Amino acid sequence: MIFTWNHPAPDGGSPSEELLVAFDRGRAARVLVCPAWFDEANKLRRFTIEVMRRLDAAGIDSLLPDLSGCNESLAPLENQTLAGWRAGMAAAGNALGATHVLAIRAGALVAPAVLPGWHYAAQTGPKLLRGMIRARTISAREAGMAETSDGLMAQGRASGLVLGGWPIGAAMFRELETAEPALAPGQTDIAQSMVGGPGLWLRAEPDEDAGQADRLAALIAESIGNSAA
Amino acid sequence: MTTIPNIDSAAGEAALDSELKALIADVLGLDPAQAAAFGPESGLFGHLPELDSMAVAGLLTEMEDRLGIVIEDDDVDGEMLETYGGLLAFARAKLDPR
Numbered sequence: 001m002i003f004t005w006n007h008p009a010p011d012g013g014s015p016s017e018e019l020l021v022a023f024d025r026g027r028a029a030r031v032l033v034c035p036a037w038f039d040e041a042n043k044l045r046r047f048t049i050e051v052m053r054r055l056d057a058a059g060i061d062s063l064l065p066d067l068s069g070c071n072e073s074l075a076p077l078e079n080q081t082l083a084g085w086r087a088g089m090a091a092a093g094n095a096l097g098a099t100h101v102l103a104i105r106a107g108a109l110v111a112p113a114v115l116p117g118w119h120y121a122a123q124t125g126p127k128l129l130r131g132m133i134r135a136r137t138i139s140a141r142e143a144g145m146a147e148t149s150d151g152l153m154a155q156g157r158a159s160g161l162v163l164g165g166w167p168i169g170a171a172m173f174r175e176l177e178t179a180e181p182a183l184a185p186g187q188t189d190i191a192q193s194m195v196g197g198p199g200l201w202l203r204a205e206p207d208e209d210a211g212q213a214d215r216l217a218a219l220i221a222e223s224i225g226n227s228a229a
Numbered sequence: 001m002t003t004i005p006n007i008d009s010a011a012g013e014a015a016l017d018s019e020l021k022a023l024i025a026d027v028l029g030l031d032p033a034q035a036a037a038f039g040p041e042s043g044l045f046g047h048l049p050e051l052d053s054m055a056v057a058g059l060l061t062e063m064e065d066r067l068g069i070v071i072e073d074d075d076v077d078g079e080m081l082e083t084y085g086g087l088l089a090f091a092r093a094k095l096d097p098r
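Going down the list, the sequences are from chains A and B. For the first sequence, full-length UniProt numbering begins at 1 and goes up steadily by one. For the second sequence, full-length UniProt numbering begins at 1 and goes up steadily by one.
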């Protein structure tokens, strides 16, 4: 269930090896999963895998590659860019033979436009940054340091910023300031209200919810079944 | 999408109160009954172990989304976060800044 795939270098250099969690039984429907980012990635990891288990049980393959610079990746996170992550997900979709994409939260910002699929509770770049900047100003205030959102935004644009423990490079930071998820042809939004209950990314600690995983997987399986019929 | 009706009315005040309690329960993963029992003096920041700085950030961002308000750096102070009554008064003032 844990595999690797080779991420081609953007400049034509030697490819880097990245890890991938997959339920791969060579079936017709193969869903590329673009995971949530940063803090939300941790909070939603178990939920994401639980949805994949249910897709597996429904006869659907799913493929969850790491974003470069995250988890076990050897690439430094501060060197990553939004464009690079987009290219990486597109390359993963190609290399793994994906037929659909499930993008979760900010994962919608890097969902390959060539694949039909779903954006679950898509998050925008500005909101992602705002939440992380706010967490940093609040913890700075608790520590007796004066940091303002405006000052941190300027610093992030100029030289990058560590937010919630994640080093975000200046290029990524500037890209995120205007990044909005866009639905490509064949892609639809799945709002949290369709899955029911509060979104697990809101929680202070990682959690799980079998009912939510059931419903998200069912929506996807139903959608694939309808388009195949 | 939940909308907050005219908060001049008692019904509007009750709607804001229940919306804010539901929001706190969602963000902190509290039992809805625990949040529903909050009174004006119920302690929040420094009293609920779930409410660390990351959770405060999530709470404020969710308040912005669900209540349609903008919360500035300078708005965030100890008084606003210390009790449920303080947070409710803050939300009310943001929605009706007269």
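Read the hints as simulated data drawn from the structure, not as lab findings. Some hints here could point you the wrong way.
Result set (SDA-like, lysine to any residue): computed pairs, CA atoms no more than 20 Å apart in a straight line [unchecked claim]:
1) A:Lys127 - B:Val70
2) A:Lys127 - B:Gly43
3) B:Lys94 - B:Pro49
4) B:Lys21 - A:Leu202
5) B:Lys21 - B:Asp74
6) B:Lys94 - B:Thr61
7) A:Lys127 - B:Arg66
8) A:Lys127 - B:Asp73
9) A:Lys127 - B:Glu72
10) A:Lys127 - B:Glu64
11) B:Lys21 - A:Thr178
12) B:Lys94 - B:His47
13) A:Lys127 - B:Gly85
14) B:Lys21 - B:Ser42
15) B:Lys94 - B:Glu50
16) A:Lys127 - B:Met54
17) B:Lys94 - B:Asp74
18) B:Lys94 - A:Gly197
19) B:Lys94 - B:Gln34
20) B:Lys94 - B:Asp52
21) A:Lys127 - B:Glu13
22) A:Lys127 - B:Ile71
23) B:Lys21 - B:Gly85
24) A:Lys127 - B:Asp75
25) A:Lys127 - A:Thr178
26) A:Lys127 - B:Ala89
27) B:Lys21 - A:Gly197
28) B:Lys21 - A:Ala154
29) B:Lys21 - A:Pro198
30) B:Lys21 - B:Glu50
31) A:Lys127 - B:Ser42
32) A:Lys127 - B:Ser53
33) A:Lys127 - B:Ala93
34) A:Lys127 - B:Asp65
35) A:Lys127 - B:Thr83
36) B:Lys21 - A:Ser193
37) B:Lys94 - B:Thr83
38) B:Lys21 - A:Arg203
39) B:Lys94 - A:Arg130
40) A:Lys127 - A:Leu96
For clarity, every value in this text was computed on a predicted model and none was experimentally measured.
message = Checking one constraint from the list: CA of Lys127 of chain A to CA of Thr83 of chain B, max 20 Å. Satisfied?
response = 26 Å, violated
query = Are Lys21 of chain B and Glu50 of chain B close enough, with their CA atoms no more than 20 Å apart?
reply = 15 Å, holds
message = Given the hinted pair Lys127 of chain A and Gly85 of chain B, is their Cα-Cα distance within 20 Å?
response = 27 Å, violated
20 Å limit on alpha-carbon distance, applied to hinted pair Lys127 of chain A and Ala89 of chain B = Violated - the C-alpha atoms of Ala89 of chain B and Lys127 of chain A are around 25 Å apart, more than 20 Å.
ask   = Given the proposed pairing of Lys127 of chain A with Arg66 of chain B, does the C-alpha separation stay at or below 20 Å?
value = 13 Å, holds
ask   = Does the structure keep Lys94 of chain B and Asp52 of chain B at a Cα separation of 20 Å or less?
value = With a Cα-Cα distance of about 23 Å, the restraint between Lys94 of chain B and Asp52 of chain B is violated, given a limit of 20 Å.
inquiry  = Next pair to validate is Lys127 of chain A with Thr178 of chain A; report whether the Cα-Cα distance is within 20 Å.
reply    = 10 Å, holds
inquiry  = With the threshold set at 20 Å, check whether the alpha-carbon distance from Lys21 of chain B to Leu202 of chain A stays at or below it.
reply    = 15 Å, holds
ask   = Given the proposed pairing of Lys94 of chain B with Thr83 of chain B, does the C-alpha separation stay at or below 20 Å?
value = Answer holds: Lys94 of chain B to Thr83 of chain B is near 17 Å, not above 20 Å.
query = Between Lys21 of chain B and Asp74 of chain B, does the CA-CA distance stay at or below 20 Å?
reply = 23 Å, violated
ask   = Holds or violated: Lys127 of chain A with Gly43 of chain B, Cα cutoff 20 Å?
value = 28 Å, violated
query = Has the given pair, Lys21 of chain B with Gly85 of chain B, been kept, meaning a C-alpha gap of at most 20 Å?
reply = It holds: about 11 Å lies between the C-alpha atoms, which stays within 20 Å.
Comparing the model with each earlier hint shows violations of hints 2, 3, 5, 11, 12, 13, 15, 18, 19, 20, 21, 26, 28, 31, 33, 35 and 40; every other hint is respected.
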